[in-house]
Amino acid sequence: MRASHNLKIVEPMDDVATDDRLEVLEDIRGRLEPYRTDDRAIVGGTVITKDLNIDSLAVMDMVMEIEDRYDISIPLNVVSEIHTVDELTDTVLRIRGGH
Amino acid sequence: MGLFDRHAGTIARSRAMLVDGFHPLSVRMDRVLSPTEALIGGRHTILLGTNNYFGLTFDQSCIDAAVEATRLEGTGTTGSRIANGSYGDHLDLETEMAEFFGMKHCMVFTTGYQANLGFISSLVGEGDFLVLDADSHASIYDACKHTQATIIRFKHNDPASLEARLRRLDKEPGNKLVVVEGIYSMMGDTAPLKAFVEITKRHGGYILVDEAHSLGALGEGGRGLVEAAGVLDQVDFVVGTFSKTLGAIGGFAVSNHDDFDILRVMTRAYMFTASLPPSIVASVRAALKVVRARPDLRVRLWENVATLYDGLAALGFRLGPEHGPVVAVHMPNEQTTIGCWRALLEEGVYVNLAVPPATPSGGSLLRCSLSAAHDRAQIDKVVAAFGRVGERFGLLDRQKVAAID
Ligand SMILES: Cc1ncc(COP(=O)(O)O)c(C=O)c1O
Numbered sequence: 617m618r619a620s621h622n623l624k625i626v627e628p629m630d631d632v633a634t635d636d637r638l639e640v641l642e643d644i645r646g647r648l649e650p651y652r653t654d655d656r657a658i659v660g661g662t663v664i665t666k667d668l669n670i671d672s673l674a675v676m677d678m679v680m681e682i683e684d685r686y687d688i689s690i691p692l693n694v695v696s697e698i699h700t701v702d703e704l705t706d707t708v709l710r711i712r713g714g715h
Numbered sequence: 006m007g008l009f010d011r012h013a014g015t016i017a018r019s020r021a022m023l024v025d026g027f028h029p030l031s032v033r034m035d036r037v038l039s040p041t042e043a044l045i046g047g048r049h050t051i052l053l054g055t056n057n058y059f060g061l062t063f064d065q066s067c068i069d070a071a072v073e074a075t076r077l078e079g080t081g082t083t084g085s086r087i088a089n090g091s092y093g094d095h096l097d098l099e100t101e102m103a104e105f106f107g108m109k110h111c112m113v114f115t116t117g118y119q120a121n122l123g124f125i126s127s128l129v130g131e132g133d134f135l136v137l138d139a140d141s142h143a144s145i146y147d148a149c150k151h152t153q154a155t156i157i158r159f160k161h162n163d164p165a166s167l168e169a170r171l172r173r174l175d176k177e178p179g180n181k182l183v184v185v186e187g188i189y190s191m192m193g194d195t196a197p198l199k200a201f202v203e204i205t206k207r208h209g210g211y212i213l214v215d216e217a218h219s220l221g222a223l224g225e226g227g228r229g230l231v232e233a234a235g236v237l238d239q240v241d242f243v244v245g246t247f248s249k250t251l252g253a254i255g256g257f258a259v260s261n262h263d264d265f266d267i268l269r270v271m272t273r274a275y276m277f278t279a280s281l282p283p284s285i286v287a288s289v290r291a292a293l294k295v296v297r298a299r300p301d302l303r304v305r306l307w308e309n310v311a312t313l314y315d316g317l318a319a320l321g322f323r324l325g326p327e328h329g330p331v332v333a334v335h336m337p338n339e340q341t342t343i344g345c346w347r348a349l350l351e352e353g354v355y356v357n358l359a360v361p362p363a364t365p366s367g368g369s370l371l372r373c374s375l376s377a378a379h380d381r382a383q384i385d386k387v388v389a390a391f392g393r394v395g396e397r398f399g400l401l402d403r404q405k406v407a408a409i410d
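Chains as they are written, first to last, in the numbering used here: chain S, 617 to 715; chain B, 6 to 410.
Read the hints as simulated data drawn from the structure, not as lab findings.
The beta carbon of each residue, even a glycine, is placed where N, CA and C say it ideally should be.
Only true hints are included.
Quick list of in silico lysine-lysine cross-link-like pairs, DSSO-like style, CA-CA up to 27 Å:
no.: 1; chain 1: S; residue 1: Lys-666; chain 2: B; residue 2: Lys-150
no.: 2; chain 1: B; residue 1: Lys-109; chain 2: B; residue 2: Lys-206
no.: 3; chain 1: B; residue 1: Lys-160; chain 2: B; residue 2: Lys-206
no.: 4; chain 1: S; residue 1: Lys-666; chain 2: B; residue 2: Lys-160
no.: 5; chain 1: B; residue 1: Lys-176; chain 2: B; residue 2: Lys-160
no.: 6; chain 1: B; residue 1: Lys-176; chain 2: B; residue 2: Lys-206
Listing some non-contacts, in silico: residues in chain S with all C-beta distances to chain B over 10 Å:
no.: 7; residue: Asp-636
no.: 8; residue: Leu-638
no.: 9; residue: Gly-660
Facing chain S, according to a computed beta carbon distance under 10 Å, are these residues of chain B, among others:
no.: 10; residue: Ala-139
no.: 11; residue: Thr-155
no.: 12; residue: Ile-157
no.: 13; residue: Phe-159
no.: 14; residue: Ala-169
no.: 15; residue: Pro-361
no.: 16; residue: Pro-362
no.: 17; residue: Pro-365
Please model the entire structure based on the sequences and the hints provided.
This is how it looks when you write it as structure tokens:
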């Protein structure tokens with residue numbers, strides 16, 4: 617989707633409590649677990665559509681579940697710029713924090 | 006990396022579709038004989054994947070109108086309406102379509118794909134929200150790439166999911182446009198439109214309904230789900246196509262919004278492409294008259310739907326969720342789908358081979374669509390052919406049950 621969009625991914629935030637971050641990260645890792653291709657664990661740096669056996673449609677479906685879990689909106693325009701598990705985690709935290 | 010290297014995965018997948026040197030995409034219809042029959046490889050084949058819901062491609066009044074218009078006004082318009090001007094018939098067709106839906110305005114497009122692409126992407130812009138059903142047609146998804154609006158997806162046919170998304174946007178000042186379809190093109194299921202309209206209005210949004218597969222098929226007057234659900238006066242926009250029930254090609258959008266016509270100079274897929282030729286405009290106008298005059302065709306269509314759907318269900322096939330002019334047969338995987346599709350063709354039945362990304366949730370389907378022009382004998386033949394093929398591939402529920410026993 618468009619590169620020039622008003623909703624941009626921002627850098628991970630330091631002011632987010634680490635417990636919170638861990639919890640969201642664990643949740644996302646759990647959701648991605650079925651798509652693992654080998655015995656390498658899913659980590660923050662895992663590139664979602666490259667390192668895992670998941671297509672972009674399934675990613676979009678997973679994002680809908682995450683939206684409902686945290687009661688937030690994650691626009692498709694934002695999803696298309698997310699590559700890693702860390703980026704997805706920080707996006708959830710940022711939007712949930714009202715940014 | 007070469008230009009085509011990025012397609013390596015798809016190339017490999019396409020090669021895997023080759024069965025005995027035969028590729029599904031290489032089917033050649035030597036001659037289309039009627040709305041429901043073609044000669045393929047010398048064999049008379051029943052067409053069960055045309056979207057030709059009323060069988061109007063061979064309607065005499067439509068053919069005569071197209072021939073006459075070609076004689077009078079030539080084979081093409083050779084340009085866009087913005088540059089070359091509108092033919093009187095374009096304007097008449099727009100008036101008739103608007104009147105058909107009881108709306109003030111209509112804009113006609115060269116295809117239904119362009120109608121969605123162009124119209125939706127020029128309705129919303131930066132700061133606005135486009136809220137769409139997850140199983141939306143490709144033309145709706147492509148519209149998302151042509152707008153600065155923020156795109157939000159909700160779960161297919163799920164009012165609670167739409168409601169949650171609109172509620173989260175309640176404090177956002179931008180416009181919200183909800184986009185749904187009357188009948189979904191792959192599964193043949195119908196949207197819970199009354200609930201969608203109520204929720205959208207309650208949250209101050211606009212709603213657009215794509216009636217591509219429901220025009221003619223639904224509603225007392227054939228106006229689609231908007232009519233059947235009793236919300237014709239509450240929806241903001243109806244979009245649709247001339248390529249299915251109306252038997253030709255082209256798209257349209259209708260609305261009551263006063264400034265609607267400005268979109269003619271805001272919509273690139275309308276401005277920068279040639280307009281529909283006189284023959285098509287004439288046949289569509291004739292087809293619209295048939296839709297108005299022949300409600301019996303809708304009755305025939307639904308009788309045929311029931312015969313096919315109930316016949317396949319009785320055999321033990323897993324089908325889409327409800328009766329519809331599209332009947333989706335679920336398949337276990339892509340390879341089996343291709344095998345069954347090929348076997349049906351050899352039985353003299355042409356259906357649509359539907360695999361990802363055209364299908365929802367990554368599944369594979371044999372997609373059937375019915376026509377009022379099918380006769381009972383044809384559908385009985387189709388059901389029998391499905392029975393033999395399903396048996397051969399071990400797909401029937403009673404076989405699975407037997408295997409478990
Ligand atoms: C839901 C839906 N919208 C739009 C279109 C596009 O219509 P057309 O084929 O006339 O371009 C189709 C069919 O292809 C469709 O199924």
